[in-house]
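Colleague: The residues making up each chain are set out below.
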Amino acid sequence: MSSHDNGHPDVPGHELSNVPDEALVNDLYANPGLPEHQWRPTDVDPRAEKRAERQVATLFGLSAVCTILLLVSYFAFDIGEDPDVVGGVGASNLFIGLSLAGALLFIGTGVIQWARKLMADHEIVEARHPSASSAADREATLAALDAGLEESGIGRRPLVRNSLLGAVGLLGLPAVVMLRDLGPTPSQVAKDKPYPGAGIENTIWEKGMRVVRDVVGTPIRPADLEIGDLVNAEPEGIFNGGEDGEPLEGLALQVNKSKGAVVVVRMEPEEITPGDGRENWSVDGIVCYSKICTHVGCPISLYERTTHHLLCPCHQSTFDLADSAKVVFGPAARPLPQLPLMVDDEGYLVAQSGFTEPVGPSFWERG
Amino acid sequence: MDTSRVAKTNATTAATTTKPNRAGAVANWADERLGLATAMKKNLRKVFPDHWSFMLGEIALWSFVVLLLTGVFLTLWFTPSMGEVQYNGSYDQLRGIHMSEAYASSLRLSFDVRGGLLMRQMHHWAAMLFVASMMVHLLRVYFTGAFRKPRELNWVIGSLLLILGTLEGFTGYSLPDDLLSGTGIRAADGFVKATPVVGTYMSFFMFGGEFPGESIIPRLYVVHVLLIPGLLLALIAAHMLLLVYHKHTQWPGPGRTEHNVVGFPMLPVYAAKAGGFFFIVFGVTALMGALLSINPVWKYGPYDPSKVTAGSQPDWYMGWPDGALRIMPGLESHFWGITISWNVMLPILILPVVMFTIVMLLPFLDAWITGDKRDHHLLERPRNAPTRTALMVALMTMYGLFWIAGGNDIIAIKLHASINQITYFLRVAVFVGPVIAFVVTRRWCISLQRKDNETLLHGYETGIIMRSAEGGYSEKHLPLSSTRAYTLAARDRDPVPVDHQHDEDVNGIPAPSGGRVAALRHRLRTLWYADNVQKPTVEELEAGHHHAEHEHELQAGVEGHAADGHQFDGHHLVEDESLRQH
Amino acid sequence: MRLLNRSAGRLSRHRRGPLAGLAVVLLGLLLTGGLYTVFSPAQAGSAAASEEQIAQGRELFLVSCSFCHGQNGEGMRSQDGNQLGPSLVGVGAAAVDFQVGTGRMPMARPGAQVPRKPETFDQDEIAALAAYVASLGPGPAIPDESDYSLEGMSDEERQQAITNGGQIFLTNCTACHNFEGSGGAMPRGGFAPKIRGVEPRYIYEALLTGPQNMPNFTNGNLSPDEKRDVIAYLGSLEDMPDYGGFGLGGLGPVPEGLAAWVLGIGSLVGAAVWIAAHTTRSTKKKVEA
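Residue numbers (my numbering), protein chains in the order written: chain R, 1 to 367; chain G, 1 to 582; chain P, 1 to 289.
So that you can see chain R by itself, here it is in the shape it has in the complex (with noise of 0.2 angstroms):
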């Protein structure tokens, strides 16, 4: 058995050349031609004809059954807040869907069953025709085009060009700078504080600001907390912080959640390796981190009492809420910010201070 492991025959080889030649493709066979017509069932037998006839109309009768079923599901089955369900699973939605598509379906496989069966289906055969224009017409064309650039001496008036080409070029700098007034700049949101906690390395935190449970916004105690318990928190601000104490809301409340929200955790006092000049933030084994991944944002809450280790569940990025909050895995780059806790007069867990670095994603100028 020859077989052609080495690949390249002996025939010399070609540069391909920029005409389709038939020769290039089939060298070996002549082509036979399209292969003789062959009939189907319904073109000879009538009996079959008309059975696939029946068949196709059946098919769109269905399809109509299917439309009535609809309008049908349509007013029968009640949504809102008394649903009619059917095993399990609302009613109207699954007999609307269900008539939809078999009203469409059937019309689909019908047409289709139309086309295979009874439509003529001989192939027929069309010439392709060079996707370029032939050579005359370029040529035409370019005879056209040179005259046209003539007559307007763009060529000749460098001075009409260039101030035209400047001008119209100016004309994209709108374009952009019109967006200007999307938003706000970062520093002006800092300098104007339209709300509190404004500003992109702000939050609402600062000093004696109580530590409040997420929802229901009462503030914690740490006699409250035993190891290996997690709040889920906010700044106290979000629940009083608006005017005359009102709690925040809208845009305000949205903000400092986004950047405000905190996990408070208690675990043992000398599991936790305080960080450098963190060795009094923690009070009783409480430790207080910002919610915020330093990825891209994910609000993290996934807590392993066992390893302190705070996973999100974005993408995956792990902290170790006993050291710092240091990544030891994932693609975050950067620990969680910690809030310096302190219990206040009354004995509630406040903060010493604002975080002491921006919350949340990192950004150019975060340094």
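Hints in this document: simulated from the structure, not taken from any laboratory.
Some clues are possibly wrong.
[As the list claims (entries may be wrong)] Restricting the straight-line Cα-Cα distance to at most 30 angstroms, the calculated cross-link-like pairs of lysine-lysine (DSSO-like) are:
| # | chain 1 | residue 1 | chain 2 | residue 2 |
| --- | --- | --- | --- | --- |
| 1 | P | Lys194 | G | Lys414 |
| 2 | P | Lys284 | R | Lys50 |
| 3 | R | Lys50 | P | Lys285 |
| 4 | G | Lys414 | P | Lys117 |
| 5 | P | Lys117 | G | Lys42 |
| 6 | R | Lys191 | R | Lys207 |
| 7 | G | Lys46 | P | Lys286 |
| 8 | G | Lys149 | G | Lys414 |
| 9 | G | Lys149 | G | Lys476 |
| 10 | G | Lys46 | G | Lys373 |
| 11 | G | Lys476 | G | Lys451 |
| 12 | G | Lys247 | G | Lys42 |
| 13 | G | Lys41 | G | Lys247 |
| 14 | G | Lys42 | G | Lys373 |
| 15 | G | Lys149 | G | Lys42 |
| 16 | G | Lys149 | G | Lys373 |
| 17 | G | Lys247 | G | Lys414 |
| 18 | G | Lys41 | G | Lys149 |
| 19 | P | Lys117 | P | Lys194 |
| 20 | G | Lys476 | G | Lys373 |
| 21 | G | Lys247 | G | Lys373 |
| 22 | P | Lys286 | R | Lys50 |
| 23 | R | Lys326 | R | Lys207 |
| 24 | R | Lys193 | R | Lys207 |
| 25 | P | Lys285 | G | Lys46 |
| 26 | G | Lys149 | R | Lys326 |
Starting from the known structure of chain R, arrange chains G and P on it as the hints suggest.
Modeller: Just chains G and P, lined up with the frame of chain R:
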């Protein structure tokens, strides 16, 4: 080519000119005003070749139509606003909760508008199918070489459609303002902020201030319902026009050449098949919307920047950059008071751009390396372009591994594995996997080429085992039908790369003096074709046939015997034979 | 005040220890122990008497638990310092009821996490074990049904409880257990188990005691009413119909994407193959009429 067999019409009876019927009257009325007949003359009977893989792009087209239809329905109720309202609708679990109008209206669509939930779910399923079918279509076009000249620009348009479709999907699933979509926007904010120099400014301009602001949903809405759909429509129109202009590619075969296109006419067969397929795509979407719950926004709750859920993933088409983000080690540079977040920039800002650029440039890369400047209308089997095929399989492998990384938490719980170990594994696998895939695919293609040559030279395997007088066993081979032999042999010989040692190639053309670039190109071209198996030459074919005839003579004893069942092996017409004849 | 708090904190830390330390336990030994307990002759008298119950519990404990947790539940460390079983002094009856009642203990084999499995003991035996462990030191008791039931509430209060529970659930639980309670992955092979369909009592106990790596949500952290509300919300999720059709495991976009590819693209490519497939051919020639 025997043109006498080419039918001028596909009707069974000749068309006769009769008095214009009603359709003709309407056509006349229109033509007198619009002059459409000239254009329609050819196009109504435009020929489309028939092959299942040519219909994959249609899935994308039709799911786009479904998206337009269901999308319009949704806009009638959806309120793209981040204004805070208290929910008072039908869904008990959230009654009294403060939420954005966007989320409240999504709940209203789901619970208080009949068919609203169905339309929401169909819209979401259709979106997933839209992007998926574009990708499957892209793979078909690539593997068959249909992107080659003159269709490179249509490839570029198609790639742009894929990018826009992905962005359209992202802007779409961000609109309901539920916990999952908000988490996605939050991550997007992190991506934007990681942009060097202008990151924070871009973020503040996008959100109209600090994240989450009050502007992002209305802005995404306009992008989602106006800007991107407009671009998509325009590009789809251009894509289709070019398809019509170039005429569809076809597989080589008897009667099919580079100069013609063989198939069924647009009217009626393709109109019916394509129109029918629209209803099927629409119907399958409806079926999925009816039976399979997708994105149950009510369970996620309204977006709250302090909440998150396990299994926070984007939709599948954003899964691969998300996967890259997950397995990227945490690298960040701090100097001169600035921060560069490689851990975010590389996987999410740079990698997708690089990947899309590579995909968009593939036709030009292919042409540059091969030096092929001819028009191509006949498709190439993937095996006959081993390096090209292997290149895409390598890219697919990389894509698939990133995809796995994007679902690593779900995979961890379903397979009882450790996300840490999956991540460590993938950090290596995304580099090693594509290389292995490339080598394996390439060798696989070459083996298939070799097998094709065997078949051409020695005929097909009949499955009949012959025992020779000496007691040796061999499988009987029979010659191919002329159709099959022609089809199998209908492929190009690879050009022999110009040898750089000599100053001119075999045709006497001097080697291009492009210096280093030319040398690189030469090296790439050599690698591109290395080890490919060429189809047999005429002499080899004759030698092979002589050999086969000789074997035939040896086996002639059984020829025509009932034991020789080859006439029923599916390669022959058996009209006049019956099994019991012998 | 502060001092008092501190001492309370100190006290409490002795009551908690890591429950999920990797234990080197021989499956055979445990099985033997389990089988013994199942087939051992019934203890004299009913479990009503507390003293007797504790005594019965101690006997069960010695057979099935002491190998890792020590003869007196004081915990054990292997020679190289690894924790075999944590101390059970002060974990309370609730922890025992959760761990043994859900079959997690006795542990079948060491691993990243002890999964739920069919329980080894019947309710009486669990009660006896719980009584014994509770006698080792004060700890949370098994919650009463009234702690987590919405009985006796008006419809409006019930509604309020469910809505409130939903917010607490989404804040404290979904991060690990997913928005539908389908569970999620944790580092190094650990996982937050599926909590849909888990008996309210066990959810309550888990919140109270923080089994394995789960943080606890003690009453000082999450009030009993809030725990009740979370359980009510979870119950309402289960009672709720699947409005939009069958869920895909409630795991979010990953199974949805899989369905789009396998079911959607799969069936549509199938349809394309059908549309382009050649129909049956006849051998007959057409008779021109």
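Colleague: Hint by hint, say whether it matches the structure.
Modeller: Taking the hints in turn, this is what the structure says about them:
Pair hint Lys194/P plus Lys414/G holds up; C-alpha atoms about 12 angstroms apart against a cutoff of 30 angstroms. Distance check on the hinted pair: Lys284/P and Lys50/R sit about 17 angstroms apart at the alpha-carbon level, within 30 angstroms; holds. With a C-alpha separation of about 18 angstroms, the suggested pairing of Lys50/R with Lys285/P holds against the 30 angstroms cut-off. Distance hint between Lys414/G and Lys117/P is fulfilled; the C-alpha atoms sit about 17 angstroms from each other, no more than 30 angstroms.
The suggested pairing of Lys117/P with Lys42/G is violated, with an alpha-carbon distance near 71 angstroms, which exceeds 30 angstroms. In summary, the hint linking Lys191/R to Lys207/R is supported, as the alpha carbons are separated by about 20 angstroms, within the 30 angstroms threshold. With a CA separation close to 26 angstroms, the supplied pair Lys46/G and Lys286/P stays within the 30 angstroms bound. Only pairs whose Cα atoms come within 30 angstroms are accepted, and Lys149/G paired with Lys414/G is rejected, the gap being roughly 46 angstroms.
Proposed proximity of Lys149/G and Lys476/G is contradicted: the alpha carbons are some 42 angstroms apart, above 30 angstroms. Simply put, Lys46/G and Lys373/G have alpha-carbon atoms about 27 angstroms apart, close enough for the 30 angstroms limit, and the pair holds. The hinted pair formed by Lys476/G and Lys451/G meets the criterion: a straight-line CA distance of about 16 angstroms does not exceed 30 angstroms. A hinted pair counts as satisfied when its Cα atoms are at most 30 angstroms apart, and Lys247/G with Lys42/G qualifies at roughly 12 angstroms.
Restraint check: the Cα-Cα separation between Lys41/G and Lys247/G comes to about 15 angstroms, which is no more than 30 angstroms; the hinted pair holds. For the hint pairing Lys42/G with Lys373/G, the CA-to-CA distance comes to about 28 angstroms; that is within 30 angstroms, so the pair holds. Simply put, Lys149/G and Lys42/G have alpha-carbon atoms about 23 angstroms apart, close enough for the 30 angstroms limit, and the pair holds. For the hint pairing Lys149/G with Lys373/G, the CA-to-CA distance comes to about 7 angstroms; that is within 30 angstroms, so the pair holds.
Among the hinted pairs, Lys247/G with Lys414/G is inconsistent with the structure: their alpha-carbon atoms are about 47 angstroms apart, more than 30 angstroms. Distance hint between Lys41/G and Lys149/G is fulfilled; the C-alpha atoms sit about 27 angstroms from each other, no more than 30 angstroms. Between Lys117/P and Lys194/P the CA atoms are separated by roughly 13 angstroms; this keeps the pair inside 30 angstroms, and the hint holds. A distance of roughly 43 angstroms separates the Cα atoms of Lys476/G and Lys373/G; the hinted pair therefore is violated under the 30 angstroms criterion.
Proximity of Lys247/G to Lys373/G is assessed by CA-CA distance (about 19 angstroms); at most 30 angstroms being required, the pair is judged to hold. Among the hinted pairs, Lys286/P with Lys50/R is consistent with the structure: their alpha-carbon atoms are about 16 angstroms apart, no more than 30 angstroms. Among the hinted pairs, Lys326/R with Lys207/R is consistent with the structure: their alpha-carbon atoms are about 24 angstroms apart, no more than 30 angstroms. Between Lys193/R and Lys207/R, the direct Cα distance comes to roughly 18 angstroms. Compliance with the 30 angstroms bound is thereby established for this hinted pair.
Under the criterion of a C-alpha separation no larger than 30 angstroms, the hint pairing Lys285/P with Lys46/G is consistent with the structure, at around 28 angstroms. At roughly 55 angstroms between alpha-carbon atoms, Lys149/G and Lys326/R are farther apart than 30 angstroms, so this suggested pair is violated.
When each numbered hint is compared with the structure, violations occur for hints 5, 8, 9, 17, 20, 26.
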